[in-house]
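Colleague: Spelled out from the first residue to the last, the chains are:
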Amino acid sequence: MFLSTQLAEGVNLHIRQTTQFKTVSFSIKFRAPLDQQSAAERAVLSNVLQHSNGKFKKSAEFRSYLDDLFGTVLYFDASKRGSEHTLLLNVETVNDQYLQQNKVFNEVLDLINTAIFEPNLENGTFVPSIVEREKEMVTQRIQSIFDDKTRYAQYRLTQILRPNHPASISASGTIDTVKQITPESLTKTYQAMINEDKVDIYVVGDIDVEAVQKKLTEALPFKDRKAKETQQDTNESKAEKEYTKEQQEMKQGKLHIGFSTPVRFGDEDYAKMQIFNGVFGGYAHSKLFMNVREKESLAYYASSSYNSQYGLVYVVSGIEPSNEKKATDVIKEQLEAMKNGEITDLELTQTKAMLVNQLKETLDLARGQIEIYDQYKDLGETFSVDTWKERWDQVTKEDVQKMASQVQLEAVYFLCGKEA
Amino acid sequence: MKTIEFKQLDETLFYKKLPNGLDVYILPKKGFSKTFVTFTTKYGSIDRTFVPIGESEAITVPDGIAHFLEHKMFEKEDGDVFQQFSEAGASANAFTSFTRTAYLFSATDHIYKSTETLLNFVQEPYFTEKTVEKEKGIIGQEITMYDDQADWRLYFGAIENMYHSHPVKIDIAGTIESIDKITAEHLYTCYNTFYHPSNMLLFVVGAIDPTEMMAFIEDNQNKKEFSEPVQIERHFEEEPTCVAVKERELKMDVQKAKVYVGLKAKQTDLKGDEMLKHELSVQIALECLYGRASNFYTDVYENGLIDESFAYDFSLEKGYGFALIGSDSAQPDQLVTKIKEVINNAESLLTSDSLERVKRKKIGFYLRALNSMEFIANQFTRYEFNEMNLFDAVPVIEKLTLEDVTEALKTIQGEEQQTVFKVLPSSERAQ
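Chains as they are written, first to last, in UniProt numbering: chain R, 1 to 420; chain H, 1 to 431.
One or more of the hints may lead you astray.
Cβ pair distances, simulated, as ranges [to be verified]:
| hint | chain 1 | residue 1 | chain 2 | residue 2 | range |
| --- | --- | --- | --- | --- | --- |
| 1 | R | Gln97 | H | Glu185 | 52 to 60 Å |
| 2 | R | Tyr75 | H | Leu250 | 26 to 34 Å |
| 3 | H | Asn303 | R | Glu196 | 31 to 39 Å |
| 4 | H | Asp78 | R | Phe146 | 41 to 49 Å |
| 5 | H | Glu133 | R | Phe146 | 32 to 40 Å |
| 6 | R | Phe146 | H | Glu403 | 31 to 39 Å |
| 7 | R | Glu390 | H | Lys130 | 55 to 63 Å |
| 8 | H | Leu402 | R | Glu229 | 55 to 63 Å |
| 9 | R | Gln97 | H | Phe226 | 41 to 49 Å |
| 10 | H | Gly319 | R | Lys55 | 42 to 50 Å |
| 11 | H | Gly414 | R | Tyr75 | 35 to 43 Å |
| 12 | H | Glu403 | R | Glu196 | 54 to 62 Å |
Some chain R residues flagged as far from chain H (calculated, every beta-carbon gap over 12 Å) [as the list claims (entries may be wrong)]:
| hint | residue |
| --- | --- |
| 13 | Lys22 |
| 14 | Pro33 |
| 15 | His51 |
| 16 | Thr114 |
| 17 | Lys188 |
| 18 | Lys214 |
| 19 | Lys245 |
| 20 | Tyr373 |
To be clear, the hints were calculated from the coordinates, so they are not data collected in a lab. Every residue, glycine too, gets a C-beta built ideally from N, C-alpha and C.
All chains should be modelled from the sequences, with the hints used to inform the complete structure.
Modeller: So, in structure tokens, the structure goes:
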């Protein structure tokens with residue numbers, strides 16, 4: 001689906017021509033190994049690059065220019081996958097053919113060049129006042145987790161489940177690591193990003209492939225680099241505690257349970273594990289939804305998610321605090337049932353149909369096409385929906401039972417009000 | 001079947017009003033594998049006092065009933081409708097807003113099967129006292145979940161401040177106490193009054209043949225019997241222009257304060273093209289004044305009065321409307337002062353330069369949004385219920401003048417229309 005070429009060693013361009021969308025989407029991903037300090041540096045760096053650049057030194061000027069380009073969306077962001085940190089620049093602009101006047105495409109390409117290669121520097125480093133301001137913004141983003149109880153409970157569970165491990169490192173770092181950043185350290189981080197990171201550039205839209213290849217080669221003059229190989233996390237992190245209860249002023253109880261599985265993204269059993277999760281709690285037909293919610297009326301939401309990068313399965317549910325034991329039991333019973341092979345043909349059919357549908361729907365979005373391709377390209381095979389549909393189709397009840405038998409409960413985290 | 005072409009956007013919309021009164025719109029999308037279908041009734045949480053179909057006296061039903069009814073539509077004598085959608089690989093969902101209840105699904109395969117499931121489950125109510133009781137536990141947890149969400153409490157706190165009696169001030173899901181009073185009989189009364197096809201709209205967007213799809217829908221509808229459509233009579237009390245409460249706060253277990261300035265709209269009787277122009281004018285005025293390229297934004301950002309949560313929005317429906325502007329902030333009172341300064345001096349701050357810039361931004365927004373089937377289906381329905389057309393938005397924006405936006409802004413500008421609501425860290429955790 002994407003046409004890939006190399007702009008420089010370690011820098012790849014992936015282009016997809018399609019008439020599906022009224023816009024053209026770009027995504028430029030810079031990748032480096034994930035650790036607490038560099039995550040913090042790169043999160044603040046993404047904010048600083050978003051704020052201004054050498055051509056538009058004030059944020060308002062930068063934003064005005066984007067508005068003038070028919071509200072071209074341009075933002076930097078920080079995320080992570082497995083043991084890698086990604087600093088990314090996403091841009092989406094209206095395809096010229098839908099505008100009565102003005103050609104914006106070339107201006108957007110120039111702007112991408114500016115945003116990446118012309119940072120707003122003073123005496124060779126980032127502007128101290130901007131750095132301080134954006135450090136504060138990232139700090140507040142980290143702190144805001146506390147004010148959202150569901151996110152906070154999930155954050156706490158992950159910390160308990162996998163301490164000192166990529167699974168519990170935030171893409172924004174920590175308050176302490178953000179504090180240590182200086183304009184000098186940030187400038188070094190920027191230079192490392194430009195010169196050493198593994199870079200993938202994506203373009204999706206109704207474009208002339210050759211012309212865009214040529215223009216981007218000019219707009220993105222990256223040099224060759226030997227990108228650092230990031231290995232999968234090897235450290236044997238284990239849950240600190242099997243049960244943790246914490247209290248805040250709140251009404252609902254947040255029950256978050258962490259399980260482990262040896263199966264990870266790209267493993268032979270990966271497709272089977274996806275089916276396991278769908279039957280367990282991935283959808284509205286799943287065991288968790290049908291039992292915790294529909295049968296027992298214990299919750300409004302009860303679901304599971306499979307994080308294949310770290311080999312973890314999370315179950316989350318919001319319950320009346322006094323029902324903690326009952327809800328925990330019902331959740332455990334669903335896993336037990338699957339271990340005992342209580343999996344119906346209907347559950348399998350439904351889950352397979354939903355997985356195929358989800359994949360096809362994701363591919364209807366420009367961002368979806370980019371993310372799927374970006375993830376699956378590392379498997380060293382040509383991605384196609386049919387390949388995955390076939391893999392899911394072959395999964396049997398026995399396979400899912402086997403997956404269930406390898407799933408182990410490691411940690412229960414319960415967040416609730418003070419009087420409970 | 002009528003066809004409506006939008007040349008600049010390269011879209012063709014197909015429309016038919018069926019004999020039973022149902023409005024059906026179909027928008028084929030080339031190159032997509034997905035289809036998204038919404039089936040929406042013009043019935044939301046604000047419709048609490050009305051004359052039930054076939055009766056003459058108005059009644060008031062328990063708060064939260066439209067949302068409760070939405071939940072209960074999914075349960076049938078032979079089980080849960082989600083099961084059927086899943087089997088066909090369709091993701092189904094539903095939502096209730098102040099003015100609408102929508103049932104929807106998206107799928108890439110078995111579209112006709114799922115369309116049939118959607119039409120049938122929404123048109124075949126099944127409520128018993130037992131299933132109604134069972135749902136109270138589930139919705140009770142939904143209400144409790146929202147009770148703990150500081151952002152939700154902030155939003156409703158601001159709306160409560162603005163309204164004296166209009167039911168927009170009541171939480172869409174009601175309260176644990178109010179839903180406890182709901183019976184199966186209530187649900188049938190509401191269902192029979194508001195789920196007549198003449199009060200509903202079906203929108204299909206995606207990888208479909210419009211002629212075939214229209215025939216399929218018509219065939220499904222023609223097999224069912226409905227009573228004659230009746231004009232629905234809804235009752236609302238007179239609502240003054242001024243806000244009910246000028247200032248109020250709530251303590252919660254949060255680290256940082258949150259604040260909204262609410263501006264209550266005084267022009268809430270528009271519809272059609274007038275409403276579209278008015279709504280877009282106010283939105284554009286707010287963007288000029290508070291957007292990221294504004295002087296206001298630079299000022300409050302650089303002085304640390306806001307963070308990434310800063311937002312502003314304008315909502316308008318028949319009978320109510322309001323703008324909300326606010327952020328998480330360590331200095332909420334200073335932020336409020338700044339926000340008010342801008343609204344009070346708006347005439348001198350609105351310039352033709354900023355207007356032209358924001359108009360371009362807004363046009364870009366609509367063109368981007370037309371990539372999203374969810375946006376098209378949901379927004380088209382909302383527009384249509386207010387007799388506006390979503391696809392007219394871009395040409396209307398192109399024609400807006402500085403006078404248009406300045407005049408429109410005046411309807412939310414009055415001092416008596418302003419309110420402030422804050423969520424503050426409870427003392428124990430105050431820093």
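Colleague: Just pull the numbers of the violated hints for me, sorted ascending.
Modeller: Violated hints (numbers, rising): 6, 7, 13 and 15; every other hint is consistent with the structure.
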